[in-house]
Amino acid sequence: MNKKVLRLLILLILAGAVLTGCAAGVRAESTPGVTVTDSYVYLAYMNSLYQLDRASGAQLSSFPEKASANLAMYAPPVAENGFVYFGDLANDFHKVSESNLNQVVWTFDQAKGWYQAKPALDGDLIIVPCTDRNIYAINIENGTQTWVYEGEYAFIAQPVVVEDKIIVSAQDHHVAVLNGATGEELYRVDVKGAVLAPPLYDPQSDSVFVGSLGREMVSFNLASGDVNWAYSTNDLATIWATPILLDNQLIFTDKNGKIIALDPESGTELWQNNAGGTVIAGATLVGDKGFLVAREDGTISYYSSETQGGDWTVTVPGNIYSKPVVDGDQIFVPVVKADALIYTYNTAGVPGWSFSPSK
Amino acid sequence: MWDTIIVQPFTNLLLLITMLVKNFGIAIILFTLVIKLITYPLTAKQLKSSMAMQDLQNDPVYKKRMAKYKDNREKAAEEQMKIYKEKGISPFGSCLPTLVQFPIIIGLYQSIMRVMASTPLELVKLERIVYPFLDVNKILPIQNRFLWMDLGQPERLWIGTIGIPVLAILVLATTFIQSKVMQPPTQGNDQSAAMNNSMMMMMPFMMGWMAYQFSAGLALYFLASNIATVAQYSAMGRVDWSKIFPWVKPPEQPKTSVVLDYEEEDEEEEPEPVKVVKPSARASAKRQRPKMKK
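For the record, the sequence lines run as chains A and B. Note that the first sequence covers residues 1 to 359 in my numbering. Note that the second sequence covers residues 1 to 294 in my numbering.
Hint data in this document are derived by calculation from the structure and do not stem from the laboratory. Note that the Cβ used here is the ideal one computed from N, Cα and C, for glycine as well. Take these hints with a grain of salt, some might be off.
To be verified - Which chain A residues face chain B? A few, computed with CB under 8 Å, are given here:
id, residue
1, S30
2, Y153
3, D172
What the hints assert, rightly or not - In silico DMTMM-like pairs for lysine to aspartate or glutamate, Cα to Cα no more than 20 Å straight-line:
id, chain 1, residue 1, chain 2, residue 2
4, A, K337, A, E306
5, B, K22, A, D172
6, A, K258, A, D226
7, A, K337, B, D135
8, A, K192, B, D135
9, A, K165, A, D122
10, B, K138, A, D172
11, A, K192, B, D240
12, B, K64, B, E74
13, B, K125, A, E296
14, A, K112, B, D150
15, B, K64, B, E86
16, B, K125, A, D297
17, A, K337, B, D3
18, B, K180, B, D240
19, A, K289, A, E306
20, B, K70, B, D59
21, A, K258, B, E127
22, B, K125, A, E29
23, B, K138, A, D235
24, A, K258, A, E185
25, B, K138, A, E216
26, B, K22, A, E152
27, A, K192, A, E216
28, B, K138, A, E152
29, B, K138, A, D190
Stated by the list, open to error - Okay, the calculated bits of chain A under chain B, using three or more residues with CB under 8 Å as the criterion:
id, region
30, 77-88
31, 137-143
Okay, chain A solo, but in the shape it has when bound (with noise of 0.2 Å):
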């Protein structure tokens, strides 16, 4: 073999390397997902699912025990009673010991997709959302399949569990509610456009409130399905947040910034404040008597309630989309493009710790 083949074959070896490289591993762009214990703050993102101690945002421990390119994970944890259920990105769907992250209790590798939502627990199963279209009800003893809900489209948003019902949103234009312990679909409310985040769920009035890049909320009941309200303006961006209920008002934002408050009743508007910049997170409530807005670009700002207005403002150096989770008086922000993972603060503004993994 001359030369200049032996080159040519090097090179093309090398070239398919970098290629399948990268093919081979992380096929997502996405968001650490984030969830908060008593104890522990759990961040997924690219090639490891992280254990924190959340006093002080010191690394414990990781899935798996050494990074892997070919395994990638996103999709926010659900911690409960000693263990941890995550998706990950080859498919697979762990339930691990939450003392010893490494040591799985089972692996459903049924799935034909990869995990990018936070899953739910539902008694003795636990409805699993996956981008293979299917919800998948697993039982958490065993990890055998239980039911399975066959959408049209990726599911990327949390199922929300209510009693016996299982409330879905989904891309292709609706909200699906689905029977708890058969899968079977009750009915489907539709929206003008796709449903990105979880519906919010008021058992006062058991209605349900969803915005959708239709550019609309929706409100309807859970018992009947029927729509209660649609709310809708010319000026209206795509909403892709879940809303809050904050003092009998019902606030969200859409994506130029504009923070709306409606009757949750009637859907008739309250009140109207802008963020002052793209709004992909949505508002977060904190505690009862406020809520966060944060930004895209990094700034977070409080809102009281009572004043409607900023109160503190802060700013994360990266870019935030989903929302900032807040648990007692700690409020831990996922972010994207900046030196950590994840900052904290406390509900003052006062920052905390910062998360990024030793490289």
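Mind docking chain B on chain A? Use the hints.
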């Protein structure tokens, strides 16, 4: 800059086609064909140039001139350029259109990946580059299902628990066919022939492996592109099917497109035509007969 000039128009064109045909798989195929049509003048120019170069390489007078300066590389190159100039051949004529096509191919790949957004973050990024006249709400979500495939996932045809990578196999096969039928005739001992052969063996496996690993949408693009390229070259009469199907009559070699009508400087060096004398049957038999020892 790159996004504005290449990726954004491509993405919007792909979305527009998807809106019109309401099927992302068909949209990828049509999109590939549209891009092939747009880049047709470049392909034709590239082919014309490579044909002229190829014909020149086979020309005896050119060969003689090159042989004359075989020990003087500088002079040979100078002479080569002189001939190129005389004949109006651009030595970069065949690689320049290829280079121009590279950003198009990369842009095509990137736009397909963008349209197959599957996370909120990717959807935000997609929404941001959609032109105002396309209503993103009407476009999203993109239906990734095409035949048995999920265009956002690596393709497998599931028969029971066995997933057969049909698309990857088709990409491998069409890449092989494409390289085989479009391979220009070369001299047997030529280094470039050896390189071509290595390429012809490696490329299909590389493309097949990529189709196996990447999402089906991209593999579909590889397949459509391979078929379109073979069809395009076939329409130009540059495909030799006899290399794949032995029962097909090989096409007649096109007449030299470069007419070497230049004056010979060294008439005395005109090579004598080699006389091939066919040995008679008796002579040949005599040669093969072992000599008997006395």
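**OP:** For the pair supplied as a hint, K64(B) and E74(B), confirm whether the alpha-carbon distance does not exceed 20 Å.
**Re:** holds, 16 Å
Original post:
Given the proposed pairing of K70(B) with D59(B), does the C-alpha separation stay at or below 20 Å?
Top reply: holds, 16 Å
Subject >> Restraint check for K258(A) with E127(B), where alpha carbons must lie at most 20 Å apart >> reply: holds, 18 Å
Original post:
Are the Cα positions of K112(A) and D150(B) separated by 20 Å at most?
Top reply: holds, 9 Å
**OP:** Verify the proposed pairing of K337(A) with D135(B), using a straight-line Cα cut of 20 Å.
**Re:** Outside the cut-off at roughly 29 Å; violated.
Subject >> Straight-line alpha-carbon gap K125(B) to E296(A), limit 20 Å >> reply: holds, 12 Å
Original post:
CA of K258(A) to CA of D226(A), is that 20 Å or under?
Top reply: Given pair K258(A), D226(A) is violated - Cα atoms ~28 Å apart, limit 20 Å.
**OP:** Given that the region 137-143 of chain A was listed as covered by chain B, double-check it with a C-beta distance under 8 Å for 3 or more residues.
**Re:** violated (count 0)
Subject >> Supplied contact hint for D172(A), tested at 8 Å Cβ to chain B >> reply: Holds, about 6 Å.
Subject >> Proposed proximity, E185(A) with K258(A) (alpha carbon, max 20 Å) >> reply: Violated, at roughly 34 Å.
Original post:
Are K138(B) and E216(A) close enough, with their CA atoms no more than 20 Å apart?
Top reply: holds, 14 Å
Subject >> Straight-line alpha-carbon gap K192(A) to E216(A), limit 20 Å >> reply: holds, 7 Å
Checked against the numbered hints above, the structure breaks hints 4, 6, 7, 11, 24, 30, 31 and satisfies the rest.
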